[in-house]
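Put the two chains together into one complex, using the hints given.
Here's the letter readout for the chains.
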Amino acid sequence: MKNKKLLFVTQFEELWFDALRSLMDLRKTGFNHVVFLHVIERDKVAMHRGKGYLKDEEIKLREMANVRFIDWAESLFEQGMEVGAYIVVGNPLPKIISTAAEEDVDLIVTGRHKRGKFEELYGGSETLEILERTSTPVLVYKYMLPSGKVNEKPFERPLLTMDWSPASEKAADYLLSFKDILKKVIVIHVIGEKEFKSTSAMEIQAIRKENRQKLERVCSAFEKEGIEAEPHLYVGGTFEQIEKAASEREASMIVAGTTGKSPLKEIFLGSVAKKLTKHSMLPSLLVPASVKL
Amino acid sequence: MSKRVLAVDDDPDIIMFVKTVLEENGYIPLIARNGETGLSIARDEGPDLIILDVLMPKQSGIRMYRELKSDETLKGVPVIILSGIARRTFLRSQEALTEFGDQPVPEPELYMEKPVEPAELAEAVKDLIDRS
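Chains P and G, in that order, are what the protein sequence lines are.
Under the working numbering, read the first sequence as residues 1 to 293, first letter to last.
Under the working numbering, read the second sequence as residues 294 to 425, first letter to last.
Please keep in mind that the hints were generated in silico from the structure rather than gathered at the bench.
Errors might be hidden in some of the hints.
Stated by the list, open to error - Under the rule of at most 27 angstroms between Cα atoms (straight-line distance), these lysine-lysine pairs were calculated in the BS3-like manner: (1) G:312 <-> P:60; (2) P:55 <-> G:407; (3) G:419 <-> G:312; (4) G:362 <-> G:407; (5) P:95 <-> P:214; (6) P:4 <-> G:362; (7) P:5 <-> P:214; (8) P:60 <-> G:407; (9) P:292 <-> P:244; (10) P:244 <-> P:183; (11) P:197 <-> P:224; (12) P:60 <-> P:2; (13) G:312 <-> P:55; (14) P:224 <-> P:183; (15) P:5 <-> G:312; (16) P:44 <-> P:2; (17) P:44 <-> P:60; (18) P:179 <-> P:197.
As the list claims (entries may be wrong) - Computed beta-carbon distance windows for the label pairs: (19) G:368 <-> P:94: 54 to 62 angstroms; (20) P:44 <-> G:422: 39 to 47 angstroms; (21) G:363 <-> P:94: 33 to 41 angstroms; (22) G:309 <-> P:230: 36 to 44 angstroms; (23) P:102 <-> G:306: 15 to 23 angstroms; (24) P:88 <-> G:321: 28 to 36 angstroms; (25) P:290 <-> G:336: 31 to 39 angstroms; (26) P:230 <-> G:366: 37 to 45 angstroms.
To be verified - Examples of chain G residues lying across from chain P (beta carbon under 10 angstroms, computed): (27) 318; (28) 319; (29) 350; (30) 386.
Quick reminder that beta carbons are idealized off the backbone N, C-alpha and C, glycines included.
Excised from the complex, chain G in its bound form (with noise of 0.2 angstroms):
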């Protein structure tokens, strides 16, 4: 059975990069275009992988990556960050959160910054599908 990957992004370009992406290398996309919406599917759905952006509206992906990793049945699904933010930044801010009292969660399993090569995204998405 085919896996379901999770691409959330409020850029419709990315979106469709994404899902393309995803879709050759016979996965199936489910789509989100904020971090609130996002988190909505991942509980429905119970995505194999989530591909998160980090700015976008209403819900960050540093919110939303926190809520994946503070979930009991979420946090073991394997998380790309692939986003215009810069790694640095992302795990500043985590570091934040958490001295602000929050748990620590921890590093994504993977960190892309934009733009990625369509194989690059593939292989990695691959990589992580199989070591889950």
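Here chain P stands alone, though its shape is the one from the complex (with noise of 0.2 angstroms):
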């Protein structure tokens, strides 16, 4: 699969180069080309009533992005990679959909945006609907660290989530494109406790060889490339065992497939792929089924 151009999406509130620099390793798989989107919120220079549109303030604006994005790209640029820039006012969603689709990236990464308290009723589905109206995975950076600082590397050790759905397969599969960073990953598969509803040791025992068998087939996959790769199965419920399984194995982010539902399902679902958006302490890469490969 082609893995060459990244779309770094940031409003400076959480996404700052460090995260970006922490990134750099990916040009080892084959990323050389990283593009920088800044949406000015259409209501920081809307009409105001007696000021009408602010222009003077979205030209202060664009400088203020463009100064920054400027001193990032010279940095990349002097690495002999490849940059480029958009400034752009508007609804974000929108604007980082149209740009992906424009560009053409393979990866989007985002920040997870500081919300108020109404907004933060949906947190998490903003990345959610791009996931639904793109083929292309999303890794919610977070600073996880208590010093504030980012994870320097990312990828070494990531956590990657099966529920046997096709969307997991095809996070395995994409995970592995990554193979010339991974170190380890960590293969867990959750096992809810309504599978437990026999009584019988023998078919709970049958459930867990099962399960435990799978994870083996995909530990084979990434130690057929020389990735060491573990394999732990949980029990209880998806997102707390995930985050819990994070925690327990140093994992250094999350992988995990997302089935591309509507936004409006995913918020009465509460997806695992919209609590790891807005709740993990961890970088989650999510994965849609319609990845291509």
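Dropping the structure here:
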């Protein structure tokens, strides 16, 4: 598959150059082109009573973003990378989607936006809508170290969560395309408590055995590429157990497949992808089932 | 016959500025908003001079410059880099690409860091077109 171009979406509140620099390992996997996108939200420059459209404010915000992007671009250009930049006014979601399509990017990197209480209800849905409307994987970046610093090697110890859906199988194949920078992959499956409805110990053991064998099959695919991989089964609530596993196994990132359900459904179903985006302390790489491999 | 100058920049204000300078000095401006389109226009139209930005969508001026200077029919067209990106960065990036295995390319005929005065740009355009 083609892994060349990365769209780095920043509002400058949640993603800075250190986050981008920590992704420079991706060059070893073929990425050599970074496209910056900064969206000036329309309400910051919209029509105001007695003032009209705030053109001067737009120019100021554009130039502030431009100064930052020039500085970042210079660092990347000097390493022989290709860089492009968009500074646009509008609503972030459609701008992210249209820019990703315009540039035909292979990975979208966003931060977790800070939101008010009302918007918090929908937190994470924005990312899911990107995943629904494009076939491009999204890396939701987090500053998860207590120091406020980024993990310098997020792809070094990813935790891959498998639910045996076609989407999670795709996520596993997609993660393999980063083989040159993976050191160890922790592959987990979470068995829901309702799967233990049988009172037969034999049946429960059979469930354990079947899932364990599937995990080993996934691990073998990584091991064949010379990447250490370890399988783990967890029992309980999916999101809680993924977080627990990530913490216990010192994962650097969580990788999950997404089915591309509509955001409305996601809000009510409380999908794992949404919870990862909203609550996880770790960066989350979300891979849509429609990703082209 | 008026000389044709291709201006490649994604900033509409800069495009307007360059277009005005060119027209007021008797040149025919050709306009592109990114390196990809710029290269295509350069190949189709064969301009007498190219004014090129560096940081742009689709294809940067660094890559477009490299393509121009590696193209047998276009490598003789003088190029003015007009950018907010420092000259030092431009040259280092070209060196880095050469180290990665690309062919070396010469330095641009002129490097101007934004912003520039209209008279300064007009004089530079005239000087390079007269020389070529």
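Structure-based check of all given hints:
Pair hint residue 312 of chain G plus residue 60 of chain P holds up; C-alpha atoms about 24 angstroms apart against a cutoff of 27 angstroms. At roughly 21 angstroms between alpha-carbon atoms, residue 55 of chain P and residue 407 of chain G fall within 27 angstroms of each other, so this suggested pair holds. At roughly 14 angstroms between alpha-carbon atoms, residue 419 of chain G and residue 312 of chain G fall within 27 angstroms of each other, so this suggested pair holds. The suggested pairing of residue 362 of chain G with residue 407 of chain G holds, with an alpha-carbon distance near 23 angstroms, which does not exceed 27 angstroms.
At roughly 40 angstroms between alpha-carbon atoms, residue 95 of chain P and residue 214 of chain P are farther apart than 27 angstroms, so this suggested pair is violated. For the hint pairing residue 4 of chain P with residue 362 of chain G, the CA-to-CA distance comes to about 24 angstroms; that is within 27 angstroms, so the pair holds. Between residue 5 of chain P and residue 214 of chain P the alpha-carbon distance is near 32 angstroms, which puts this suggested pair outside the 27 angstroms criterion. Among the hinted pairs, residue 60 of chain P with residue 407 of chain G is consistent with the structure: their alpha-carbon atoms are about 17 angstroms apart, no more than 27 angstroms.
Taking the CA atoms of residue 292 of chain P and residue 244 of chain P, the gap is about 31 angstroms. The hint is violated against a cut of 27 angstroms. Our distance criterion of 27 angstroms between C-alpha atoms is met by residue 244 of chain P and residue 183 of chain P, whose separation comes to about 21 angstroms. Between the alpha carbons of residue 197 of chain P and residue 224 of chain P the distance comes to roughly 36 angstroms, so the proposed pair goes past 27 angstroms and is violated. Straight-line distance between C-alpha atoms of residue 60 of chain P and residue 2 of chain P comes to about 37 angstroms, which puts the hinted pair past the 27 angstroms bound.
Between residue 312 of chain G and residue 55 of chain P the CA atoms are separated by roughly 22 angstroms; this keeps the pair inside 27 angstroms, and the hint holds. At roughly 13 angstroms between alpha-carbon atoms, residue 224 of chain P and residue 183 of chain P fall within 27 angstroms of each other, so this suggested pair holds. Taking the CA atoms of residue 5 of chain P and residue 312 of chain G, the gap is near 32 angstroms; set against the 27 angstroms cutoff, the hint is violated. A hinted pair counts as satisfied when its Cα atoms are at most 27 angstroms apart, and residue 44 of chain P with residue 2 of chain P does not qualify at roughly 37 angstroms.
Among the hinted pairs, residue 44 of chain P with residue 60 of chain P is consistent with the structure: their alpha-carbon atoms are about 11 angstroms apart, no more than 27 angstroms. Proposed proximity of residue 179 of chain P and residue 197 of chain P is contradicted: the alpha carbons are some 39 angstroms apart, above 27 angstroms. The hinted window of 54 to 62 angstroms between residue 368 of chain G and residue 94 of chain P is violated, with their beta carbons roughly 41 angstroms apart. The hinted window of 39 to 47 angstroms between residue 44 of chain P and residue 422 of chain G holds, with their beta carbons roughly 43 angstroms apart.
Checked against the hint of 33 to 41 angstroms, the pair residue 363 of chain G and residue 94 of chain P passes, with Cβ atoms roughly 38 angstroms apart. A hinted range of 36 to 44 angstroms for the beta carbons of residue 309 of chain G and residue 230 of chain P is inconsistent with their spacing of about 60 angstroms. Evaluation of the 15 to 23 angstroms hint for residue 102 of chain P and residue 306 of chain G yields a pass: the beta carbon distance comes to about 21 angstroms. With their beta carbons about 30 angstroms apart, residue 88 of chain P and residue 321 of chain G fall inside the hinted range of 28 to 36 angstroms.
Here the CB-CB span from residue 290 of chain P to residue 336 of chain G is close to 35 angstroms, well matched to the stated 31 to 39 angstroms. For residue 230 of chain P and residue 366 of chain G, the Cβ-Cβ distance of about 57 angstroms falls outside the hinted range of 37 to 45 angstroms, so the restraint is violated. Evaluation of the residue 318 of chain G hint against chain P yields a violated restraint, the C-beta minimum of about 27 angstroms exceeding 10 angstroms. Contact between residue 319 of chain G and chain P, as hinted, is not supported at the beta carbon level, the nearest pair being about 31 angstroms apart and thus beyond 10 angstroms.
At a threshold of 10 angstroms, the smallest CB-CB gap from residue 350 of chain G to chain P is about 4 angstroms, leaving the interface hint in force. With its C-beta approaching chain P no nearer than about 4 angstroms, residue 386 of chain G sits inside the 10 angstroms limit, and its interface hint holds.
In summary, the structure is inconsistent with hints 5, 7, 9, 11, 12, 15, 16, 18, 19, 22, 26, 27 and 28 from the numbered list given earlier, while agreeing with the others.
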